[in-house]
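Colleague: Spelled out, the chains give:
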Amino acid sequence: MPDNRFFQADGPFSLGDLAGRVGAELSDPARAGQMVQGIADLELAGANELALFSDARHAAAFANSHAGVIVTNAKLAALSPKDGALLLCDDPRLAFAQIGLFFYPRRAPTPFVHSSAVIAASAKIGAGAAIAAGVVISENVVIGARARIGANSVIGDGVVIGDDLVMGTSNSISHALIGHRVSIANNCSIGGEGFGFVPGPKGLVRLSQIGRVIIEDQVDIGSNCAIDRGGLTDTVIGAMTAIDNLVQIGHNVRIGKGCVFAGQSGVAGSVTIGDFVQVGGAVSISDHLTIGTKARIAGKSGVARDVAAGETVAGYPAVPVRQWHRQNNALNKLIVRFTDKE
Amino acid sequence: MPDNRFFQADGPFSLGDLAGRVGAELSDPARAGQMVQGIADLELAGANELALFSDARHAAAFANSHAGVIVTNAKLAALSPKDGALLLCDDPRLAFAQIGLFFYPRRAPTPFVHSSAVIAASAKIGAGAAIAAGVVISENVVIGARARIGANSVIGDGVVIGDDLVMGTSNSISHALIGHRVSIANNCSIGGEGFGFVPGPKGLVRLSQIGRVIIEDQVDIGSNCAIDRGGLTDTVIGAMTAIDNLVQIGHNVRIGKGCVFAGQSGVAGSVTIGDFVQVGGAVSISDHLTIGTKARIAGKSGVARDVAAGETVAGYPAVPVRQWHRQNNALNKLIVRFTDKE
Amino acid sequence: MPDNRFFQADGPFSLGDLAGRVGAELSDPARAGQMVQGIADLELAGANELALFSDARHAAAFANSHAGVIVTNAKLAALSPKDGALLLCDDPRLAFAQIGLFFYPRRAPTPFVHSSAVIAASAKIGAGAAIAAGVVISENVVIGARARIGANSVIGDGVVIGDDLVMGTSNSISHALIGHRVSIANNCSIGGEGFGFVPGPKGLVRLSQIGRVIIEDQVDIGSNCAIDRGGLTDTVIGAMTAIDNLVQIGHNVRIGKGCVFAGQSGVAGSVTIGDFVQVGGAVSISDHLTIGTKARIAGKSGVARDVAAGETVAGYPAVPVRQWHRQNNALNKLIVRFTDKE
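Protein chains in written order, with the working numbering: chain A, 8 to 349; chain B, 8 to 349; chain C, 8 to 349.
Errors might be hidden in some of the hints.
As the list claims (entries may be wrong) - Result set (PhoX-like, lysine-lysine): computed pairs, CA atoms no more than 25 Å apart in a straight line: (1) Lys209/B to Lys209/A; (2) Lys340/C to Lys340/A; (3) Lys340/B to Lys340/C; (4) Lys264/C to Lys301/C; (5) Lys264/C to Lys209/B.
Since the hints were made in silico from the structure, they are not lab data.
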């Protein structure tokens, strides 16, 4: 069971109820009334818990699991016959994620404003917000209903945020318009000055950075990220995009909907990124490039040219992923030849 | 126009005034009295705004622009004759940056100390400072005139800072001597212990880190950076150096004047860097190296040897940039040959 | 001498005392009573200070040093005969580190709770803690004796921390069980939600992240790091592991004892790392890999396959380090041939 110092599950739910809600079939309909109290790892789950089996490499764990019920698909279930209860569906990972959210839904906070929070008289905060200790909310800020703002986060003048914000601690937010159901973890800097300078006779001269950061609905941002505001236009993060920790988004970057940025990736200024683009960990994208819809960029790549819609690239400089594999193979053949001859 | 929730421009200024101040020539002297209210992107600028045309690739935008006046040079202006007002000069990007700072100058703050700031009795703060909520200023700190310190930033014992500091929110500053007109954005850690350990029989033994961070005048530091203090000597950031977000500067690093570090770059311990060095995004520089004056390091490079003054390097491991291009070309020819034969 | 605004040394100590405590031999036993007031760099040390000479490349500095006493070994001492006092031992770097800690020991703090700290009534804090301004300690937190918690750090509900914690400013800690003698610098995010999503028909569906972060004894964590809690299991950092700045540790990662992670390195989700592994700066390790005990990973490498115990790898994708050198050599020979022919 998860550590109850940190997590309290809703439920329990019956197998019949869960099967119905995610559109799964129960392997043994007689068990529809069996109750489940939570989700767990396949190897650790107990008789009251539900686990996931979605990868044939874990067939041994499946065979040995003590889980009360296991979500899987018909093909995997056949690998290792089992008399325990199964929830069968086409996309067991999705069903498992959905069931996880039944047990651990995004709850509206208990409304609350800590006495040490500093909230400008001109700020408007919607009903049901929870504002923790040390939070600073500046002039003319507008925040929607049910916001959850963690301790010591700072919201700068004029920022607008929609409903159901979930924000962690010690964030720095300024010059931003933020949609509904957005999550921002901890120690993020959003809306800082972009990195724009022109060389002058006495050193660098700053280009005024008078754009904003626009964050659309349901964007999820990890910890310790830096997202700069635009220079003359805006920096835009499209709806439902997910950003991991320590990610850098430069000024004027425009990101489409449903993109994924893994940890420590970075996008230099004025890049345009389509919808549903997947960016691996520690990827770097040079400035002013265009990355097409559904492009995929392998972890650690250095992208120095445009990437077409649907293309998958890898390497430094990034090339089509097959070409990258051929480069690596060729190099390893080459060292054998050189060693043979010399 | 920029969003007035976030930006208020000075001005308006007449074309004649702007031309005189930046040493530009007005294409139509009869328009010297025309007023400009702000700067804007070439494609979005309106009749009251000034825009920049400095790249021939944007000639169509130039031809179609509704900007009241456009800063450019004579050669570009000839590309696409236009009857609107032009400001002609040799370096239009520099003039545009300078004009931007007329509209959006670095203003001295309205003096102010928030009641929740915690300021040690022994700290000395110059006239005209603005100290926001939750700021902590510790014993024996000395800060110059007109400092602007954002909410929840923490200045540790003994830190000395010059005049005209612009500091954002939630910064952690310790063991540092900082010059005049320095900017530090948000969530930075400056002066932390360097990463120095010696293996011992019972595990790692820490090397005492008893140096400082010296930040010279007019240094500009982005968000979420980490700059460690020296071990036995100091970490030094030279005057007018600009550092982007999420940059790591290790202990004992010495950086010269006017250098530029793009986002997510990192410098390991005890590196010496000359003046006017340009470091691309996500570059990594190994410890104890020397990087000469005016060297340039392409984005994402991994530098594992010294770089000579004026040299441009790229790659991992970094080599002269022409060699890197030849490596990449050779590799792509090689895969064709191997594929042809095998 | 170190800047006394920031550092106060214990001592002085006699040469005889120091020699005895680190098991070194004094080159001139007659000087056993000579007093030392601190440690310093070999080139800068004065007559009251102790310096280190451990690298033959610094023989000139050794010959010219004004240090009162120099720690070295017999072989290096012979390089450049000197009549000043020497402390001779097998591992001079270790002795120097140990002596540094005599002068600058990890001191227990002066007990203290700032009036602006917000501490839940249900939290339990051991004797002798120093809790700075703006710290937030939430419900049911348990912290051991002599904790030092820097300003504006936030400890979330239920977190348990052992004795002798040294924590800097503006950290965000949640969902974590932390051992004794742990150091955490500044602006870290520990215990945030892992980056786990499943694609669904309406966008990404979050996988509930109901694990913890377990940090064992004597772990040392730098500034601006992000360590996510586990998804269904825990993220574990083994005892005596040292982590530099801006490091990302993904969910479910299990790190052994005594590992070292240099700055800006990153470990994706569900990686298992053995004991005493050394990870260079800016290294990226892909998800679900296994890195064996005492493996070493060169700076900037991109690790995309398992690494065996004791193996040293480098490159992107990472290969055995000798192979990487051969790849680089082969590539440089190849460009010469192609240039000769074409």
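Colleague: Can you name, in rising order, the numbers of the hints this structure does not satisfy?
Modeller: Violated hint (a single one): 1; every other hint is consistent with the structure.
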